[in-house]
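Produce the complete structure using the sequences and hints provided.
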Amino acid sequence: MFEKFQKHLETNFPQIKDQNILLALSGGLDSCVLLDLIFKLGLRPALAHCNFQLRGIASDQDVKWVKTLAQEKGLEFHVQNFDTQVYALNKKVSIQMAARDLRYQWFETLSKQNDYNFIFVAHHADDVLETFMINVMRGTGLKGLLGIPERRGKILRPLLPFSREEIKQYAFENKIQYREDESNAKTDYLRNALRHEVIPKWKKRDSNFDEQFRETLKYLGQAQLVLDDVLEDFKNKNFIPFQQGFKISIHELEVLSSLSYYLHALFAPYGFVNLEDLEQLMHSQSGKQLFSDTHRLIKDRECFLLTLIEESPSESYSIDSELSAIEIPIRLTFMQEINFKRGDSKSLMFDKAKLKFPLTLRKWKQSDYFYPSGLKGSKKLSKYFKDEKYSLLEKEAQWLLCSGEKIVWVIGKRADQRFLADADTKDKWLIRYHD
Numbered sequence: 001m002f003e004k005f006q007k008h009l010e011t012n013f014p015q016i017k018d019q020n021i022l023l024a025l026s027g028g029l030d031s032c033v034l035l036d037l038i039f040k041l042g043l044r045p046a047l048a049h050c051n052f053q054l055r056g057i058a059s060d061q062d063v064k065w066v067k068t069l070a071q072e073k074g075l076e077f078h079v080q081n082f083d084t085q086v087y088a089l090n091k092k093v094s095i096q097m098a099a100r101d102l103r104y105q106w107f108e109t110l111s112k113q114n115d116y117n118f119i120f121v122a123h124h125a126d127d128v129l130e131t132f133m134i135n136v137m138r139g140t141g142l143k144g145l146l147g148i149p150e151r152r153g154k155i156l157r158p159l160l161p162f163s164r165e166e167i168k169q170y171a172f173e174n175k176i177q178y179r180e181d182e183s184n185a186k187t188d189y190l191r192n193a194l195r196h197e198v199i200p201k202w203k204k205r206d207s208n209f210d211e212q213f214r215e216t217l218k219y220l221g222q223a224q225l226v227l228d229d230v231l232e233d234f235k236n237k238n239f240i241p242f243q244q245g246f247k248i249s250i251h252e253l254e255v256l257s258s259l260s261y262y263l264h265a266l267f268a269p270y271g272f273v274n275l276e277d278l279e280q281l282m283h284s285q286s287g288k289q290l291f292s293d294t295h296r297l298i299k300d301r302e303c304f305l306l307t308l309i310e311e312s313p314s315e316s317y318s319i320d321s322e323l324s325a326i327e328i329p330i331r332l333t334f335m336q337e338i339n340f341k342r343g344d345s346k347s348l349m350f351d352k353a354k355l356k357f358p359l360t361l362r363k364w365k366q367s368d369y370f371y372p373s374g375l376k377g378s379k380k381l382s383k384y385f386k387d388e389k390y391s392l393l394e395k396e397a398q399w400l401l402c403s404g405e406k407i408v409w410v411i412g413k414r415a416d417q418r419f420l421a422d423a424d425t426k427d428k429w430l431i432r433y434h435d
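Be aware that the sequence shown starts at 1, since it is given in the working numbering, and climbs by one per residue.
None of these hints come from the bench; they were simulated from the model.
Check before you lean on any hint, since a few could be wrong.
[What the hints assert, rightly or not] Each pair of labels, with its calculated beta carbon distance range:
(1) GLU76 x GLY139: 40 to 46 Å
(2) ASP18 x GLY412: 54 to 60 Å
(3) GLU76 x ASP320: 57 to 63 Å
(4) SER382 x SER249: 40 to 46 Å
(5) GLU254 x PHE2: 31 to 37 Å
(6) PHE2 x MET137: 15 to 21 Å
(7) ASN236 x LYS383: 54 to 60 Å
(8) ILE240 x PHE172: 55 to 61 Å
(9) ILE240 x LYS386: 19 to 25 Å
[As the list claims (entries may be wrong)] EDC-like, lysine to aspartate or glutamate: derived pairs with alpha carbons at most 20 Å apart:
(10) LYS395 x GLU254
(11) LYS288 x ASP277
(12) LYS386 x ASP300
(13) LYS204 x GLU165
(14) LYS386 x GLU252
(15) LYS143 x GLU252
(16) LYS356 x ASP320
(17) LYS383 x GLU302
(18) LYS389 x ASP300
(19) LYS288 x GLU254
(20) LYS73 x ASP18
(21) LYS363 x GLU327
(22) LYS356 x GLU405
(23) LYS186 x ASP206
(24) LYS168 x GLU211
(25) LYS7 x GLU211
(26) LYS247 x ASP300
(27) LYS64 x GLU252
(28) LYS154 x GLU10
(29) LYS154 x GLU76
(30) LYS346 x GLU388
(31) LYS354 x GLU405
(32) LYS4 x GLU215
(33) LYS64 x GLU180
(34) LYS383 x ASP368
(35) LYS356 x GLU322
(36) LYS40 x GLU10
(37) LYS413 x ASP387
(38) LYS237 x GLU252
Here the structure is a predicted model, which is why all the values come from computation and not from measurement.
For every residue, glycine included, the Cβ atom is placed at its ideal position computed from N, Cα and C.
What follows is the structure, encoded as structure tokens:
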């Protein structure tokens, strides 16, 4: 097994030489074999042990045993205690999922703090098979069937080509000591039931089972690469950059032959995983929204607008008559001006005497109306937005300069003619918007 392992690393992970490596060491069979293998290759990893505090005194004994092993080999050692049950309760996840989350979060923290280039974990071929079967039972997609990747970012899994039996045999031949976790023998967990009751029967019926399973995964992986290319092509053509996010044509989604697959593949990375919600949003009225932890998805006429959730700025800002400029939330400059020729929508001359100070800079509300320059009479701001084909995001981003409750300027767009300077204005005030 050692020669096969050495060749596997040289072929697939040649970049690990002379790199800082962190190895996740539970003290069990798999991680102790992995440590022995890479130690024989001359690598000297730091060791990280997670104490999930789920097995009472046995968990504490694991810590002592692993720490002693690290000292014997002269390796840097990290240990972290986790209140796994409390985390699982707070996050409403299973104990297994809680342990997984806590583990990888800590590994990432250690990696950043200590400049580790790679993190080795000891998953093997049977772990992949078990994950495959669990995901089949849960009704997962193709990526779920592919199971555990050999590499994801800094995480490397160099034992994936090896079965549990190969690892056991190596441990026996090389007299490798390790800790036994009694809970692994219990079949009340689904993974353990598959490991001890289901998979052995499959393997007994077909001596080529492992090889055939690896071939199946290879073909599934190739199919996933094709799908990834198709999805990437669709995104490049139809996720149009818009403000701080993307605009997506709903029509381009509706004509897809496998809409459900596309919706999940395109929007799940942004936290939108409920297909029914996504399909309902496609057919809802303009302005309806979905929220994930990080993003919001808005139905805006015939499009989706996908944007990050950002903290809303202060509702309003005061502007004193003596100010020459403001920088937050937008940049405006103010100056007394006599000789000013007509500018554009971003540089306008106002009659300062008609303004009530302090002025207010705020966002719009439903009751707003103004007297647009160049037009007769008043107009509701909502109607102005509609006529100008504002998207929902553009309406939310639009700042208004107000005198009391009256709109002075839809900034950068249209002024209220009641406040513009004319030939009789004595106190002219030039305001420039710098976008």
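Okay, the hints, checked on the actual structure:
1. Between GLU76 and GLY139 the beta carbon distance is about 43 Å. The supplied range of 40 to 46 Å therefore holds.
2. Roughly 55 Å separates the CB atoms of ASP18 and GLY412, a value that falls within the hinted 54 to 60 Å.
3. As the Cβ distance of GLU76 to ASP320 is approximately 60 Å, the hint placing it in 57 to 63 Å holds.
4. For the pair SER382 and SER249, the supplied restraint of 40 to 46 Å is violated, since their beta-carbon distance comes to about 25 Å.
5. Between GLU254 and PHE2 the Cβ separation comes to about 56 Å, which falls outside the hinted range of 31 to 37 Å.
6. Against the hinted window of 15 to 21 Å, the Cβ-Cβ separation of PHE2 and MET137 comes to about 36 Å, which falls outside the hint.
7. Restraint check, ASN236 to LYS383: a C-beta distance of roughly 37 Å breaks the suggested window 54 to 60 Å.
8. For the hinted restraint 55 to 61 Å between ILE240 and PHE172, the CB-CB distance of approximately 60 Å keeps it satisfied.
9. Taken as a hint, the range 19 to 25 Å holds for the pair ILE240 and LYS386, whose Cβ atoms sit roughly 22 Å apart.
10. Restraint check for LYS395 and GLU254: the C-alpha separation of about 27 Å exceeds 20 Å, so the hint is violated.
11. Taking the CA atoms of LYS288 and ASP277, the gap is about 11 Å. The hint holds against a cut of 20 Å.
12. Only pairs whose Cα atoms come within 20 Å are accepted, and LYS386 paired with ASP300 is accepted, the gap being roughly 12 Å.
13. A C-alpha spacing of about 13 Å is found between LYS204 and GLU165, which places the hinted pair at or below 20 Å, so the restraint holds.
14. Annotation: proposed proximity of LYS386 to GLU252 is violated, straight-line Cα distance about 24 Å (limit 20 Å).
15. With a CA separation close to 24 Å, the supplied pair LYS143 and GLU252 exceeds the 20 Å bound.
16. With a C-alpha separation of about 10 Å, the suggested pair LYS356 and ASP320 falls inside the 20 Å cut-off, and the hint holds.
17. For the suggested pair LYS383 and GLU302, the alpha carbons sit about 19 Å apart, so the restraint of at most 20 Å is met.
18. Of the supplied pair hints, the one linking LYS389 and ASP300 holds, its CA atoms being roughly 11 Å apart against a limit of 20 Å.
19. A threshold of 20 Å between alpha carbons decides the hint, and for LYS288 with GLU254 the separation of about 18 Å falls inside it, so the pair holds.
20. For the hint pairing LYS73 with ASP18, the CA-to-CA distance comes to about 18 Å; that is within 20 Å, so the pair holds.
21. Taken as a hint, the LYS363 and GLU327 pair is honoured in the structure, with Cα atoms around 16 Å apart against an allowance of 20 Å.
22. Proposed proximity of LYS356 and GLU405 is supported: the alpha carbons are some 10 Å apart, at most 20 Å.
23. Taking the CA atoms of LYS186 and ASP206, the gap is about 25 Å. The hint is violated against a cut of 20 Å.
24. Taking the CA atoms of LYS168 and GLU211, the gap is near 18 Å; set against the 20 Å cutoff, the hint holds.
25. About 19 Å separates the Cα atoms of LYS7 and GLU211, which keeps this hinted pair within 20 Å; it holds.
26. At roughly 9 Å between alpha-carbon atoms, LYS247 and ASP300 fall within 20 Å of each other, so this suggested pair holds.
27. Distance restraint check for LYS64 and GLU252: the Cα-Cα separation of roughly 59 Å exceeds the 20 Å cut-off, and the hinted pair is therefore not satisfied.
28. The suggested pairing of LYS154 with GLU10 holds, with an alpha-carbon distance near 17 Å, which does not exceed 20 Å.
29. For the given pair, LYS154 sits about 19 Å from GLU76 by alpha-carbon distance, which is consistent with the 20 Å threshold.
30. Straight-line distance between C-alpha atoms of LYS346 and GLU388 comes to about 17 Å, which keeps the hinted pair within the 20 Å bound.
31. Note on LYS354 and GLU405: the hinted pairing holds, with a Cα-Cα distance of about 13 Å set against a maximum of 20 Å.
32. Taken as a hint, the LYS4 and GLU215 pair is honoured in the structure, with Cα atoms around 19 Å apart against an allowance of 20 Å.
33. For the hint pairing LYS64 with GLU180, the CA-to-CA distance comes to about 14 Å; that is within 20 Å, so the pair holds.
34. About 10 Å separates the Cα atoms of LYS383 and ASP368, which keeps this hinted pair within 20 Å; it holds.
35. Between LYS356 and GLU322 the CA atoms are separated by roughly 13 Å; this keeps the pair inside 20 Å, and the hint holds.
36. Distance check on the hinted pair: LYS40 and GLU10 sit about 14 Å apart at the alpha-carbon level, within 20 Å; holds.
37. As the CA atoms of LYS413 and ASP387 are separated by approximately 13 Å, the hinted pair is consistent with the 20 Å bound.
38. Straight-line distance between C-alpha atoms of LYS237 and GLU252 comes to about 10 Å, which keeps the hinted pair within the 20 Å bound.
Of the numbered hints given earlier, the model fails hints 4, 5, 6, 7, 10, 14, 15, 23, 27; all others are met.
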